[in-house]
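Model the full structure from these sequences, guided by the hints.
Residue numbers (my numbering): 17 to 188.
These aren't lab readings, by the way, just hints derived from the structure by calculation. The structure presented is a predicted model; accordingly, all values stated were derived computationally and were not measured. Glycine residues also receive a C-beta, built at the ideal position from the N, C-alpha and C atoms. Hints may contain errors.
[Stated by the list, open to error] Label pairs and their calculated CB-CB ranges:
no. : residue 1 : residue 2 : range
1   : Leu121    : Ala95     : 22 to 28 Å
2   : Thr94     : Glu115    : 28 to 34 Å
3   : Thr97     : Gly142    : 25 to 31 Å
4   : Phe185    : Val143    : 17 to 23 Å
5   : Ala122    : Tyr156    : 24 to 30 Å
6   : Ala95     : Ala122    : 36 to 42 Å
7   : Val127    : Asp162    : 41 to 47 Å
8   : Phe185    : Lys164    : 18 to 24 Å
9   : Leu132    : Arg93     : 32 to 38 Å
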Amino acid sequence: MNSVRGTMIGVAMAFGCLLCSAQEAPGSIRQMNEEARMSALAPVPSSEVAFSRPFEMAAAPSSAGLVLVPPKNRFPRTASTGFFLLNGLHLGMAIFDVEMTQHCLADHHCVEGNPLMPSSTRGQLGVSFATAGLGALASYRLKKNDSKLWVLSPTVGIIAHTLGVATGFAHR
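Here is the structure:
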């Protein structure tokens, strides 16, 4: 109950101060309205607009008042064609690498070079999907932060799985 009383007292004091300042102001109400309209039409510095409003304000010709201009998109599109192309190629080469490895293992011509990789198809696909997904996530975050290093993760994955596929073709 004390917070309600404090709020009411604060509102009453603020309203009383506004009335007092309006009574002491020189000039008429018409002059104050004209000054308020002119200050509303004044251009706002871009530094203040960026922090205070989501839209920029521009003075309109004639007496239309303020016109809201939507902000320009400052950030490039993150999920672009190049992003999907590189990460899709990484995932495709990972699947192709697993299939070539399984074919080579079934013919007993080779062994898995990665000791941490499971021997089953499902296990290898699970590990490959997880690493390709984490690489895509890292790539997305880097591209979202406008870093040129976003191509590093899918490119390394593509090269590694291309070497795995080439090894599978060599031991055919």
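Hints versus structure:
no.: 1; hint: Leu121 / Ala95: 22 to 28 Å; in the structure: 36 Å, violated
no.: 2; hint: Thr94 / Glu115: 28 to 34 Å; in the structure: 31 Å, holds
no.: 3; hint: Thr97 / Gly142: 25 to 31 Å; in the structure: 28 Å, holds
no.: 4; hint: Phe185 / Val143: 17 to 23 Å; in the structure: 21 Å, holds
no.: 5; hint: Ala122 / Tyr156: 24 to 30 Å; in the structure: 36 Å, violated
no.: 6; hint: Ala95 / Ala122: 36 to 42 Å; in the structure: 38 Å, holds
no.: 7; hint: Val127 / Asp162: 41 to 47 Å; in the structure: 43 Å, holds
no.: 8; hint: Phe185 / Lys164: 18 to 24 Å; in the structure: 33 Å, violated
no.: 9; hint: Leu132 / Arg93: 32 to 38 Å; in the structure: 36 Å, holds
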